[in-house]
Amino acid sequence: MTKISYAQALVDGMRESMEEDKTISLVGTNVLGLGPQRPLIEKVRDDFPDRVFDPPCSEAGLASLGIGAAMAGARPIIDFGVGSFSLLAWCQLVAEAGVAHHMSGGQIKVPMVFTMLHGLRGGGGGQHSHSPQAMLWNNPGIEIVVPSTPKDVKGLFKAAVKSNNPTAIISHSRLLGVEGEVPEEDYFIELGIGDIKRPGKDISLIASSRSVITALEAAEILSGDGIEAEIVDLRTLSPLDKNIIIESVTKTGRAIVIDETNESCGVAAEISAIISEDAFSSLKSPIKRISRPNVPVPASPLLEECLDITAEKIVTAARELLES
Amino acid sequence: MTNSLNIEQNLAILDRMLLIRRFEEMLIDLDQDHDFGHYHLYIGEEATGATVVESLIPTDLLLTTWRNHGHLLARGTNPGRMVAEILGRVDGYNKGRGGTLHLTDREAGFLSTSGLVGGAVGLAAGAGFALKQAGEGNICVVFFGDGSLEEGVVFEAMNLASLWSLPVLFMCENNNSGAISAQEGGFPSSEIAASQISDIPKSLNINSKLVDGADVAAVHTVVTEAVSNIRSGNGPVFVEAYSERWPGSRPLWPEQATGVTQVASAWDESLLTGEHKEWIIEFDPLIRFIRNQLAEGLFSKDELFDRDRKIQTQITEARAFGEASALPDPQSALDGVFAA
Ligand SMILES: Cc1ncc(C[n+]2csc(CCOP(=O)(O)OP(=O)(O)O)c2C)c(N)n1
Ligand SMILES: [Mg+2]
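In order, the protein sequence lines correspond to chains A and B. Take the position in the first sequence, starting the count at 1, then add 10; the result is the number in this note's numbering. Take the position in the second sequence, starting the count at 1, then add 4; the result is the number in this note's numbering.
Treat each hint with caution, since some may be false.
To be verified - Only pairs whose alpha carbons sit at most 25 Å apart, straight line, appear in this in silico SDA-like list of lysine to any residue:
(1) 323/A - 274/A
(2) 172/A - 137/B
(3) 252/A - 339/B
(4) 119/A - 333/B
(5) 172/A - 340/B
Unchecked claim - Negatives, chain A to chain B, calculated, CB over 12 Å:
(6) 25
(7) 73
(8) 74
(9) 106
(10) 119
(11) 161
(12) 189
(13) 211
(14) 234
(15) 254
(16) 317
(17) 318
Just so you know, the hints here were simulated from the structure itself, not pulled from any lab data. Here the structure is a predicted model, which is why all the values come from computation and not from measurement. We treat Cβ as the ideally placed atom computed from N, Cα and C, and that holds for glycine.
Sequences and hints are given; from them, build the entire structure.
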C-alpha cells in the first residue's frame, strides 16, 4: 500500500485504463478542477498526446460527441469540469445516453465515462456548486459513481471505463487533496458494491462522496461518547447496493442519511424511502436526513458554510436519535 | 442534370424509391387498423435517401430522425421487421422499444434514430470522432431536417467536426417549403433567420452545398464528391437537399392527400385528378425520376410495372409479417435498461 491523493489516484486509474485500451480518449482536461492538483492531469497528456483533447466550451456538443463515439465503438471520457456545466448537456445525458441501449432493443451500447466535480467548493456560488447526481439518478440507464477515497476512485474508475454503459464519475473538489492508502497491485472495484468504512452497532451513517469523510469524523467524535456508528459508503448510486444499507440498518436500528444533494428528491430522500420500505420493522427511531437545504448556494463564505454538512451536524443528529 | 449513374445504379435507386413509397402508403393504411401513435412520412423526399446510400460502403455509419423509414429502407433494412417495430412487436428491430420514431437497424449501419430535434447531429460528430480514430476510412452520414439548425447542439457539433476534421456528411433535408402541408395547417418545420441554410456551416469553414433533393442525378453528383472528400480526410461536408414537403404525419395530419401513386401517371397525366395534380407533376421525385429514365430508355413501361408489382407484393408480405408478429411479453417490460 502507498499513500497518495485522491487526485493522483484518479489520474493513475485514467492512465492505466488508457494504457490498456487504445480506444479510450480524454476530451476535456479540467478533471481536477482549478486547484493545486490541476497539473497532475498533464501526465495523461504527456503519455497520450494523440488521445487528449482540449475542446471548445460546448457541453452538449461534447456529450453528444462522446455518446456517438461510444455508439460507434470507442470508449471516450468526456469531462465537464464543474458538475453545474453538465446541466447544459442534460438532454444528451438523459435522453440520448440513458435511453440508447433500451430504445434500440439492445442493438446499441454506450460505453463511455463522464467526469465532473460536484458540491460546495468555496466561493462557487449558485452556478458552480451543483451536485447533479440526484437529478441524474432520477433517470434510468446511467451508472453513477460517487467515490470517497483514493482507493475507491481508482478502482471504480477502472471498472467504469470497462463498463458497457454510460457512467458518470462524480468527484468533489474538496476530496482531490485527501490522501489515502491505495493498493500497489492492479485492482478494480465492481460497480454496485457499497463499503463499510467503519463498523459500528449503534447507528448507521449512510453517505457517499465527501459526506463519507465528514461522517467518519463524526463517528470518531461519537465514539468518544461511547456511541459506535457504522459508516456505509454507497460508492455507486446506480447500480445501488441495497443490501448493504438494509443489513446495516437491520443491525443498528437507526439511520442518518448524509448527502450533499439538495434535500427535495435528493439522494438522502431515496435512501430513506428504501429503508422505510425494506427495513421499517427494524427501526427504533425515525430516519434522519442531512442534506443540502433547498436554497441556491450563496457566494458569501459564511452563508455557504451554513449549508455545508459538518461532523457537528451529524453528531447532534445522532445524539438526538439515540436519546429518542 | 445529366445522370452519371450506370444502369444498375439507376435501377437500384428506382427500386428503393418505389419500396419507400409503397411502404409508406401501406403505413397510412396500417394506421387505420392499428393505433400506433406517431408517424412521419418520407414521401416526396425519397430521391435524397435512395441516392445518398449509393455513395456509401457497408461499413459506413448512419444516423437519422423520426423521418427515418426511407433511410432505413434505402440501406436495405427488412420492411417486415420495420412494420413489426412500428406495431411494437417482438420481431421489431428495437424489440418494440423504439417504434416508428426510433427505428434503428445496427446491422445496416444505423447508430441512432433520435427523436430529439438536432439529437442525431450531435451524435454524428461522435461517430465521426470514433471513425477518425479507428482510421479505417469509414465515414458517418447523418440525415436531419431543416429544423435542426434551430438547435444549439447542432452548431456545437458542426464546430467540433470542423475543428477536428471529422469524417461526417451532414445531410440536411430541407422540406420546409412544402406548399401542401402549409395549406393544411401543418407547421413550418423551421424558422431560421438565415436566408439559406447551406450558408450557415460556411461560417464554420465547412464545405457546404445546395442541391435539389428531388433530382436523383444532382444529389448523386454532389454527394459522391462530398463523400470522396470526406473519405480522403478533408473534414466534414454539409449538403442541403431541398424538397417540397408531402403530406402525412401523425398526429398532425394523418392523411394521404395525394392518393396512392400510379407509376403510369409519369406519362399519362390524365390519371391525375384532384387538387394536388400540378404538385405531383412538378415535384414528386418518383414520378420525375420515372419520367426522365423512360425518356432516356433506362427501362420499358412493362419492366417498370413489373418492378412495382414485385415491390407491392413485398410490402404486402411485410405488413403480414409485422401484423403476425407477437406482442412483447409483459414480463419483459423492465428489461434492457443496461448493457451487459
Ligand atoms: C428537442 C425537440 N424539440 C421539439 C421537438 C418537436 N418536433 C418534432 S418534429 C419537429 C419539427 C422538425 O422539423 P425538421 O427538423 O425540419 O424535420 P422534418 O420533420 O421536417 O423532417 C419538432 C419541432 C422534438 N422532437 N425535439
Ligand atoms: Mg423540415
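Outcome of the hint check:
Distance hint between residue 323/A and residue 274/A is fulfilled; the C-alpha atoms sit about 19 Å from each other, no more than 25 Å. Proximity of residue 172/A to residue 137/B is assessed by CA-CA distance (about 19 Å); at most 25 Å being required, the pair is judged to hold. Annotation: proposed proximity of residue 252/A to residue 339/B holds, straight-line Cα distance about 19 Å (limit 25 Å). For the suggested pair residue 119/A and residue 333/B, the alpha carbons sit about 23 Å apart, so the restraint of at most 25 Å is met.
With a CA separation close to 19 Å, the supplied pair residue 172/A and residue 340/B stays within the 25 Å bound. With 12 Å as the threshold on Cβ separation, the claim that residue 25/A sits away from chain B holds: the shortest Cβ distance comes to roughly 18 Å. Not every CB of chain B is more than 12 Å from the CB of residue 73/A (nearest about 8 Å), against its label as outside the interface. Here residue 74/A does not stay apart from chain B, with its beta-carbon only about 3 Å from theirs, under the 12 Å limit.
Residue-level check failed: residue 106/A sits 6 Å from the nearest beta carbon of chain B, not beyond 12 Å. Chain B draws residue 119/A into its interface by the beta-carbon criterion, the shortest separation being 4 Å against a cut-off of 12 Å. Against chain B, the non-interface label of residue 161/A holds: every CB pair exceeds 12 Å, the least being about 25 Å. Listed as outside the interface, residue 189/A is consistent with that label: its C-beta sits roughly 34 Å from the nearest C-beta of chain B, beyond the 12 Å cut-off.
Listed as a non-interface residue, residue 211/A keeps its Cβ farther than 12 Å from every Cβ of chain B; the least gap is roughly 35 Å. Distance to chain B confirms residue 234/A as a non-interface residue, since its nearest Cβ pair spans about 44 Å, more than 12 Å. Chain B leaves residue 254/A outside its interface by the beta-carbon criterion, the shortest separation being 20 Å against a cut-off of 12 Å. Even its closest Cβ contact with chain B, about 32 Å, leaves residue 317/A beyond 12 Å, as expected for a residue assigned away from the interface.
Annotated as non-interface, residue 318/A keeps its C-beta farther than 12 Å from every C-beta of chain B; the closest such distance is 34 Å.
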